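A.B. asks: Got two chains here, separate frames each, mind docking them using the hints?
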Amino acid sequence: MNAAFLKKVKRNDQLARWVITVGGMAIIFSVIFILVLIAKVSLPLFLAPKAQLQQVVQLDRANEQIVTFGHDEYMETAYRLLDDGTTVFFNLEDGSEIDRFEPDPPAEGLTPLTVESFGRLRQAIGWSDGQLTVSQVRFKPFFDINNNNQRRIDHEIIPLALFPTPADGIPLISQARIDEEGRQTRVNRYPGNHLTLQVREVSENFLGDEEITETETTLSFNSSGTLTTLILSAAGQHLYAGTDRGELLRWYLSDTEEPKLIETVQAFADQRSITALNLVLGDVSLAVGDETGQVSTWFPVRDEMGDKKLKRIHTLSQHNGAVQKILPSPQDKSVISLGPNKLILDLMTSERFLLAFGEEEGLIDFRLSTRGDSILALTKEGRLLSWKLDIPHPEISLGTLFGKVWYEGYDEPVYAWQSSSASDDYEPKLSLAPLIFGTLKGTFYAMLFAVPLAIFGAIYTSQFARPRLREWIKPAVEVMAAIPTVIIGFLAALWLAPLIERSLGGVFLSLILLPAALMLSILAWQGARKIEPLKRLERGFEFLAIAPIIILTIAIAAACGPGLENLFFAGDLKQWLFTEMGTRYDPRNCIIIAFAMGFAVIPITFTIAEDSLSNVPNSLKAASLALGASRWQTVWRVILPSASPGIFAGTMIGFGRAVGETMIVLMATGNTAIMDLSIFNGMRPLSANIAVEIPEAPVDGSLYRTLFLSAVILFVMTFVVNTIAEIVRQRLRAKYGKF
Amino acid sequence: MKNRNEALDSYWRIGEPMVWISATALALTLLSAATLLIVIMVNGLGVFWPSDIEKVHLKDRPPVFGQLIRTEENAEKTGLRRQYKIANRDLYGLDFRWIDESQIDETQRPADLIVLERVEHGDFYGRLKTMTGPHTETSAVDLAGLNSALEKTTVELDQLSELEDKLSDASYRLEQLRLKQLKLDYDNAPVDTAAQSQLQRDKAELDREFGALITLQTRRLAEVRKAKAIFVDAAGQEKEISLVDIFQAYAPNTMSTGDKVVFYLHKLAELFIGEPRESNTEGGLFPAIFGTVMLIFVMSLFSFPLGVIAAIYLREYAKEGVVVRIVRIAVNNLAGIPSIVYGIFGLGFFVYGIGHGIDMLFFPERTPTPTFGTGGLLWASLTLALLTVPVVIVSTEEALGAIPREMREGSYALGATKFQTLYRVLLPMTSPGIMTGLILAMARAAGEVAPLMITGVVKLAPALPIDGNFPFLHLDRKFMHLGFHIYDIGFQSPNVEAAKPMVFVTTLLLVLIVLLMSSVAIGLRNRMKKRYTFGTF
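Respectively, the protein sequence lines represent chains A and B.
In terms of the working numbering, the first sequence is residues 1 to 739.
In terms of the working numbering, the second sequence is residues 1 to 537.
Pulled out of the complex, with its shape left as it was, chain B reads as follows (with noise of 0.2 Å):
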């Protein structure tokens, strides 16, 4: 016995429970990770899966179609609730509801119920009830005929999605003419010159084309409205929805498995080439991807060449001394300053001291009205690269110092000036380090909200940055951006709870992207580092 304790007591004096500890703080730190990671995957994934419908009978109201969320216990601890998706928010005015399991006779699932997904209002849950209008004569009444006709409005819309395009391009010259007529009454050029004169006829001819858009727009899409079928909800409630409103109809309850994986597939490719719709909480991201890419590539010109040279600087050019030292001290501050801060430099000196000089030098006559003096990309971006130029500068240096002197000498004694060393030996060797370096800042670009908020990120941005329209590249414009989709439809939507499955989704998506990048540069650092390793120690 006595043995034993002194054994336990050698076993606590030499620390042996400190290493345990040692290794819960670790083990809680990844455990983290992994939750984290975890609800993202959970809630994330099976957002687009096309779960059955029930129609679940009550004991004393009338029965209600829902998709089953969750089963919890219920507030007075008696028994279960579940949650269900109810839809129909134009009928009900929410979109789940929680419903008591001592409330439920019986669920069925009958094959006949449709989900349509709409344009606005979010889905609905009901039966075909009849269609009536054009494309639907010849249709049968289940969602075969509903799906036939359905496609014959799309074929109709698209259509008179090529006007829509003609009218936005006639909307953009007008624009530009109403820019050009205010340079001229800028510069007080005489009502009667060539130019006002021609000018007056652009705009007018432009007028009239705009308007006779306009007209043939309104007549087609009163003739495609036409196309209308009526939905009866669980209730018997009938509910009257035009074709047109209607994005996709599908009967989840009649699908094979197979049939869910192709659909599920389809809500995939629609995520990352759809616009948003309903205030961004449904539809795609397609402009929110283009505007975190666009937003990337325009920062990493900028700060990609910044940080090499200044890395470059540090390492090969400047004498080690005190310059050095503060050159250092000022780089890790640089990675140190909170974003916020960034930020608001953005705003103050780029935003409104350079984007508000160049509206004055070239812009003079559409003052107050800022064009470069508002945020927009080119200013986001250009905050954003400064905010990562030390990412790039010390991942560039860690790869410069990692190359053995032999290296530098060899080329020193084959007659090799400084420039020409550094041009064929040293960058060729670091590349895969510098790679490493503007993979993270761009992984830190894809994720950083704050400074965006404030230097031209938007919920919505009308136009994206690259378009058909002269000069193709709009560097001014507004745009919108993966994480401060997540802020806006997580916090700022009206109805929180029927946006969390977007916001998850998002936050799948930007979660991937920015843990593939910085894998991989993680990666490629790493097997660096192995290959010099020779060199040191």
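Here chain A stands alone, though its shape is the one from the complex (with noise of 0.2 Å):
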């Protein structure tokens, strides 16, 4: 033969076999690849929080003592408010100043005596005579024309508002609040638990003109202590405040002429001092800090009476002396304290230590920039630290993923999932908890209903059917599994599910009367079976008539199901459940699931466990036979507990296909997270739920991770079942030979 065509024939079987074997490969690697990208992409939810420093600037404060300060969001402009009113704008980079802005007092020779900084970049000034400004610094990033288009940012600073001298002179220090609606709230506090309640109303009157009420309230309350510590909330409707004998007092101050003390709380046993206060994003949450360290959350729960008493939720870190300032983060629920030593970043909702850093460093204040992404801190020796905090994912953890969490706004820690909402200062709900329940459940009904049929329809199909009957019922099933999901769920839900909520009493029926009717049918054929054509049915035709019993049988029960409902549930079985039960029925409930998904879970178990019992080898079958055993006992001894692992496998594959299944539950479930194991309400699975909510999902954020990780958590549930489900196929395939 030609030496040139062999070589050419060599070198295509070479290729082949090269190729060929990449190409097997290549899908063991697939399935790997496939679980490493998505746990890759959930990955960065457990990452551990960083804070790294970046600048250090050194001010000049031979002779200036500084009161507060604050910086733009780009952190590259800051200010400095120092003690006789002057804001000086320096750069953060050098400490270089820019732009120095001398008091503006309300009145001639009026030096200021205190100052407060609150909110985003706005400070209260009281001045000598007991009069108070409030104003806003103002940074506007803009892009310089002249300049090569480079971002530059300006300042200003705006007055918002001023308040007269309060009647009971000057105060020992006040706070102030402007809400949306010019609403303009300060709250004095004088020596020996005196407070006092400013508020400045703008309002239109009847004629259309504006009108300008001004009040002023003494804010009265019993207490043991001596108050510490003050915050007003955001809008100023709120005032908490602390006393150095561990309590915590609580005022509405929505009606000026009486503002209401709503409780007072003795929140700790041990009378500790409270040191710090402030309100966590969203002014639903108080965040407390105490002399032994402690920083802890309140809020108020409804307790046994009905009433709402503050209550603590979350306890954070401890610091290892008095916590000297509080500050929540704008962006999200954490928690930002200073302690002796050094600053602590908690969250609030998961009740998460993120970080602690600056230790040793002498910290006397500190501010978060409004992305709440870095923090500014100042040392006792005039130093300025900032530090970038690279804070993935606060709000995941392992506790807010899979344990109960105790959200704002609700009475008792829940599971709970709730990805979004209209409001920014939103905690997000992330709990998997319910949504892993939701699976497991739809795919416990639905193995419930799908596994004895699918079993018992295999056992039928392979020993008792005509073989001529069996070559149409096995490919008749096989085209079954190959119905769309999507067509399944959407009967379901549009065709099912309205038909039986309409006939539960008939569907409650047919369950009691179909076996009822069967046991019948088989004591009548102990009769009908001496008559010699009828005894055919017995060859493997039993199927076909006991088909219409059952029909028939359906048919009376739906027929019956009105009649029953008002004989024994006053007409109406959905209502009885409701006022008798306790039990909400939902028209997309666990029954629709059990069916639809049965639906589709039967085939394949039906095809696998119908294989593995028809290749039980026929001698067998014979020697059973031979030796006197009816055709069931011959069954249920010999060939069933050979065929078992067959069978256990297809039960396997089925609940992986029930777990994975997406179309069905997401149409016939209602989509409602709730953990109820009640067979008449819906549920959320984790399948659904990421068909749900990834494409509204914003790309690498956290609920973006969350759903990866639930498919994740899909994969690996399928992989387990699978992988067993396949290595005791290769186990039986080993002992009979193919199939």
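Some clues are possibly wrong.
Below are the SDA-like pairs computed for lysine to any residue, each with C-alpha atoms no more than 20 Å apart in a straight line [as the list claims (entries may be wrong)]:
| hint | chain 1 | residue 1 | chain 2 | residue 2 |
| --- | --- | --- | --- | --- |
| 1 | B | K77 | A | G571 |
| 2 | A | K311 | A | G282 |
| 3 | B | K459 | A | E696 |
| 4 | B | K228 | B | F210 |
Treat the hints as calculated values from the structure; they're not laboratory data.
Just so you know, these numbers come straight off a predicted model, no measurement behind them.
C.D. replies: Structure below.
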């Protein structure tokens, strides 16, 4: 033969071997690759938070006393407010001064006494005659056209409000707030637990003129201790105070004439002094720092009497000395607290300790940037330190994903999934527990329906049915497996669900009537089988004979259902369930899921079980029958045990399919993430949740990654189940040859 | 008596009732499958049948025109009530109405009742009163006259649609110019180059052309819209409808059964070639069918070779051992991974990974507007290819395994190499098996929805993945899919009751496609099994 041709043939052969081997190996790698990729996306959820020290700026503090400071969004320029009211703007990179604003007192010759900074770059300056001005620093980034479109940041100070001198004279300290409607609230603290409230409201009278009402009231209260710290909510509606005997006080200031002291709570039994208070983003939770260094958060919860009482909800980190200051993050529910020698960042919702930094720097004050991603802190020596925070997903931890969490406004810790809401200060509730529960619940009911039908059906088909019929039944069931699940789901939701809702009584009646009818017909068959032509039914036509009986029974049940409901359940079973049993009937519930998902699972389990049953060697069957065993005894004692691994594998693979089924549950469950075992409720499984939420999830956000994590969970669930099933099948194959 | 009891006892003891119970399980399974098919058939087949319209005279309310949908017991269980489709959504606000039989005086079937299929607001049931505007002067005021006027408007509309084609072509070219401009800007090309000025000239010219086309279209459309007809409903309420908005008019009460069959077939044809109307609840399914076919086709291009190669590796090349066992486990796992996990993988890997990478490499000037970095036909096909590879592997492997050893040995004995044996002997013999796998994979792709929902399927795609503009095949485009169509109109449409007929029709179509495909596949496989059974056992 031609040598060149032989060479070509050999080369082709080698090439083919190489290509085919690579292709085959690619399959293993693709499975691993899928897992690795989805796991990689979800992994950053669990990355440790980091804080990186970025800059240290030494300020010239020889003859100035810094009261407060702040900075712009880009961390380029900052300002410091001195005790004489001067605002100094400076470059954050080198500390060089840019601009200096002299204070603007409401009258000649006044000097600032107190300065309080709050909210977004706002400060209230109390003057030496008791008047109070509120102003805001505003940074305006713009692009300088004259200078090659470079970004520069302009700054200005805008006066917002002026409060007159209170009647009781010059207070120790004041807090002032302005809400969106222009209501101005000022709270003054005097020595000896004396508090007053000044409110200035602008309203329109019936003539359309503006009317200004100014009121001043004393906030009286009883306390064994002395007030130590106050915090007024952003809109000035709520006032919280702490005392040196561990008490927390809460006022509601909406009614200016009669501000209401809602409660006085002995927060700490050991009467430790409360040293710092602030409100967490959203103004619902109160962060409390005490002299032992403990930081905790509180919000009102309904007690046994139905009253809302402040209650300690979350206990956060512990400092090694009194807490000096607490600030909330402007972006999420995290809280940053300053102790004697460090800053600690905690997430309130999950009580997760995020970061501790600035140890041994002698920090005395700090601010958070408006994006919440950097911190500026001041030391005793007048150094400004800035940290860049890298906390990719503060709200996610194993605790929030799988455990019970006490969310704001809830009366107790719950498992909840609620990924988004309209407001910014919203606590995302990303607990996977109700979703996993939903998946397992739906799967359980579906398997309850499908497995007996599939296995018994497979037994009948492989052992009792006529071979000629068998040749039709098997392909028919296989074709059934090909019916798209979107169609099953659609019919379940739009045809079956209303049908079952209308005739719920009939459904339950048929559950009773069906076995009864079956028993009756078996008994009746006792007599009938003696007749020769009928006896032929026993040679593999039983299922054809039983079909009309099933149809008839279901028809009778459907017809009698309403009458039965009238008789026993006052005409409406759903109403009866609600009033007597306390279970709500959802139209899209587990009954529907059991039917629909069962319908999707049956063909798979059936096919695999049937395969393994018919592959049990005929010799076994023949031997058993020859020994005088009946056909059922042979099946039950001989064939079923031999085929049991295959049946198990079929069940497992069916389980895997039910766990991952998406369209049916998406359409027929109602998708409410509740944890309730009742068969009359719906659920929200992992798979449907992914399908619903992923189109709206911002790429690389917490929700996006959590959804990938739930995909990993689904993957792992099916992987374990399928691997077990496959190993069992491989064993079986080794035992009985091929199938 | 005793004897009988004994017989009964032994009947129970030998487990004969258990046989019956297992027979019941099988019967229930098959019955439920049959029920599903029957429900789809019953609801889907009748949708296009032009049923008669009744004029229902009510006791103390004005009469209504309606098509009887069903009759059932009323809520108080005192008598029967009937559901009528009363159409005229823009007049009444709802499509269906329940009427108690006790309220009904009598029903008639007047011959002059006309059903209008409209472009908007669903059907209209009523009588023709007058017609005004062009093409209507010579026509008689009856159905025939209306139809002839309609025909004339249709001719004009066809001319207008030519204009529309030109317009969409112009807007496509404008878009291309905009992209070119973007590219130039991105490359920081100086403003005064030849390319730039040429671009500007082209753009100005196209703008002019576009403007002229728009004006022409607006004028002609206004002209055509002048042709109007006034219809009256049962209560005497008048409604003026522009002929352009009428898709079709017919009088079911005068149609013979033969006419109705012809009409039915027409509607069926429209279903296959027509565009959807009324947010997909009416009209045809052409884009969805086309999208499904394209998806299956592109998917097969990937999953077919991959699956066959992997199966050949497993059966012919790999040595039985730990590796092969692991690969088998991997294949079966691949088949068992939930489809939504494939979807999310496709989104993370294909769309945001590779797609985004392609955008960054080849279309940096268009970012952040994604080209390939968003769901599209290509990514959906790839995702589905991964999902269906195991199906091809399993059936190809099965087919290879069924070929008796002697065939291979005979080939080797004649001096053929392994590859030659494979190529000349084994593959031809396994081709039915491979076809089976491929058809099953296609059937799965036709019915799978969950992964598509997040990798590029949309409820209404503005353009088909194939068109006359270069490069003709647009794999980056979003597409429509029959399965998603069902989910979308069944669950996301504002008027679920009115959308139901269309959902059932789509369901019927999809079920027929899938059942046909899988029956063929399974038939093929069973035939092949028989052919080679002499080798086993």
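A.B. asks: If a hint holds in the structure, say so; if it does not, say that too.
C.D. replies: Going down the list of hints, with the structure as the test:
1. B:K77 / A:G571: holds (11 Å)
2. A:K311 / A:G282: holds (17 Å)
3. B:K459 / A:E696: holds (16 Å)
4. B:K228 / B:F210: violated (29 Å)
When the structure is compared with the earlier hints, a violation turns up for hint 4 alone.
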